[in-house]
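Residues in the sequence shown are numbered consecutively from 6, following my numbering.
Please keep in mind that the hints were generated in silico from the structure rather than gathered at the bench. Don't take each hint at face value.
What the hints assert, rightly or not - Simulated pairs of lysine-lysine, DSS-like, Cα-Cα distance not exceeding 27 Å:
| id | residue 1 | residue 2 |
| --- | --- | --- |
| 1 | K255 | K25 |
| 2 | K308 | K285 |
| 3 | K308 | K255 |
| 4 | K308 | K68 |
| 5 | K68 | K25 |
| 6 | K285 | K266 |
| 7 | K255 | K266 |
Claimed, not checked - Derived CB-CB ranges, DEER-like:
| id | residue 1 | residue 2 | range |
| --- | --- | --- | --- |
| 8 | D85 | D294 | 28 to 34 Å |
| 9 | V18 | R249 | 51 to 57 Å |
| 10 | Q202 | Q71 | 47 to 53 Å |
| 11 | Q202 | K255 | 44 to 50 Å |
| 12 | D85 | M197 | 18 to 24 Å |
| 13 | H176 | L282 | 39 to 45 Å |
| 14 | V18 | G301 | 24 to 30 Å |
| 15 | H104 | Q188 | 21 to 27 Å |
| 16 | I319 | E276 | 18 to 24 Å |
| 17 | P208 | G301 | 41 to 47 Å |
Glycine residues also receive a C-beta, built at the ideal position from the N, C-alpha and C atoms.
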Amino acid sequence: MAQIDSQLSTGLVGLDGMLKGLIPGDNLVWQVESVEDYAPFLPAYCRAAAERSIPLIYFRFAKHRQLIADGGYAEVHHCDPQQGLEGFLSSIHRVIERHGRGGYYVFDCLSDLAYDWCSDQMLGNFFMLTCPFLYDIEAIAYFALLRNRHSYHATAAISDTTQVLLDIYRHKEHIYIHPWKVQGRYSATMHMPHIWQDDTFRPITDSATVSEIMTSVPWGRLESSGLHFGIWNRTRARAEEVIRDTESGKATDAQQLDCLKTMLRMAITREPRILALAEKYMTLQDVLDVEDRMIGTGLIGGKAVGMLLARAIIRADASHLQKRSEPHDSFYIG
Numbered sequence: 006m007a008q009i010d011s012q013l014s015t016g017l018v019g020l021d022g023m024l025k026g027l028i029p030g031d032n033l034v035w036q037v038e039s040v041e042d043y044a045p046f047l048p049a050y051c052r053a054a055a056e057r058s059i060p061l062i063y064f065r066f067a068k069h070r071q072l073i074a075d076g077g078y079a080e081v082h083h084c085d086p087q088q089g090l091e092g093f094l095s096s097i098h099r100v101i102e103r104h105g106r107g108g109y110y111v112f113d114c115l116s117d118l119a120y121d122w123c124s125d126q127m128l129g130n131f132f133m134l135t136c137p138f139l140y141d142i143e144a145i146a147y148f149a150l151l152r153n154r155h156s157y158h159a160t161a162a163i164s165d166t167t168q169v170l171l172d173i174y175r176h177k178e179h180i181y182i183h184p185w186k187v188q189g190r191y192s193a194t195m196h197m198p199h200i201w202q203d204d205t206f207r208p209i210t211d212s213a214t215v216s217e218i219m220t221s222v223p224w225g226r227l228e229s230s231g232l233h234f235g236i237w238n239r240t241r242a243r244a245e246e247v248i249r250d251t252e253s254g255k256a257t258d259a260q261q262l263d264c265l266k267t268m269l270r271m272a273i274t275r276e277p278r279i280l281a282l283a284e285k286y287m288t289l290q291d292v293l294d295v296e297d298r299m300i301g302t303g304l305i306g307g308k309a310v311g312m313l314l315a316r317a318i319i320r321a322d323a324s325h326l327q328k329r330s331e332p333h334d335s336f337y338i339g
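Construct the entire structure; sequences and hints are all you get.
Structure (structure tokens):
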């Protein structure tokens, strides 16, 4: 196992001390309520890279505000999650390969990827393919993840793969940091909540204070199935709600179209020409009916899309032919 490298730093002396230093290859995942809880840790990290002449690479891909400005010490790469997991992953890995060993990396909030791909499993796969790559080249990387927003498909993959997992809380205008996992290091107080004051991170040993901090944040209650309600199920639940609101006259045309577009991109297609046809001829209920017969998650196959779209076109533009076709009972692989 690699040893702690005194030349590596988070830029915060107190944080370095709390973690007992950084080990080459450390990936640090910050679980936060908002990206604004992640941002305060970045300026010191960026300064540490510049002071040590270590390359600093920032991957910009989320919808939240840009965390590191263009034109400074950091090399900023704007990546597009809409190209899908494979294309997005390749663009990230090409940059990492080009820089070679070492380096400091900053990623936008990973939760946005799950929303773009409508899949916690894809987010988990992305992390499991990227974190070990950075570990092997002995880079240091920062990632953020929104707390209690993802199913175990994402959270288990990330927590099992990363070297350092930190929970960040805000309470009474203070920031608290609670290490859940620090691989290869130990101290008697390491896994206690710590309060950040100036450049120090002081462990909270008073149980009453710890309880006050922990009860001040939303509790991520597990569903009866033992899984958090992930992005796929939340999106589907929203679609079902829109259908009910449509039937009662509460949903607007804009809400229906927005939900249909999301569901189509989640399960049917992201190809612009096919997507335009699907938006014209398929309904929200059509997509839900497909999902009811899906095995797995993600996009179904192109031939299946062609069949579904052809049937929808016949239904709309040649209804006299519809009675000649048999009802289909296909299942779909996501």
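Consistency of the hints with the structure:
1. With a CA separation close to 56 Å, the supplied pair K255 and K25 exceeds the 27 Å bound.
2. Using a Cα cut-off of 27 Å, the hinted pair K308 and K285 holds, with the two alpha carbons roughly 19 Å apart.
3. For the hint pairing K308 with K255, the CA-to-CA distance comes to about 36 Å; that exceeds 27 Å, so the pair is violated.
4. For the proposed pair K308 and K68, the alpha carbon gap of about 33 Å is over 27 Å, so the pair is violated.
5. Note on K68 and K25: the hinted pairing is violated, with a Cα-Cα distance of about 34 Å set against a maximum of 27 Å.
6. As the CA atoms of K285 and K266 are separated by approximately 10 Å, the hinted pair is consistent with the 27 Å bound.
7. Only pairs whose Cα atoms come within 27 Å are accepted, and K255 paired with K266 is accepted, the gap being roughly 19 Å.
8. At roughly 31 Å, the beta-carbon separation of D85 and D294 lies within the given 28 to 34 Å, and the hint holds.
9. At about 55 Å, the beta-carbon gap between V18 and R249 stays in the expected band of 51 to 57 Å.
10. Checked against the hint of 47 to 53 Å, the C-beta distance between Q202 and Q71 comes to roughly 28 Å, which is inconsistent with it.
11. Between Q202 and K255 the Cβ separation comes to about 49 Å, which falls inside the hinted range of 44 to 50 Å.
12. Separated by about 41 Å at the C-beta atoms, D85 and M197 break the suggested range of 18 to 24 Å.
13. Between H176 and L282 the CB atoms are about 51 Å apart, so this pair departs from the stated range of 39 to 45 Å.
14. Look at V18 against G301: about 47 Å separates their beta carbons, and that is not inside 24 to 30 Å.
15. Under the hint 21 to 27 Å, the C-beta atoms of H104 and Q188, about 23 Å apart, fit the expected range.
16. For I319 paired with E276, a C-beta distance near 21 Å keeps the hint of 18 to 24 Å intact.
17. The hinted range of 41 to 47 Å is satisfied by P208 and G301, whose Cβ atoms lie roughly 44 Å apart.
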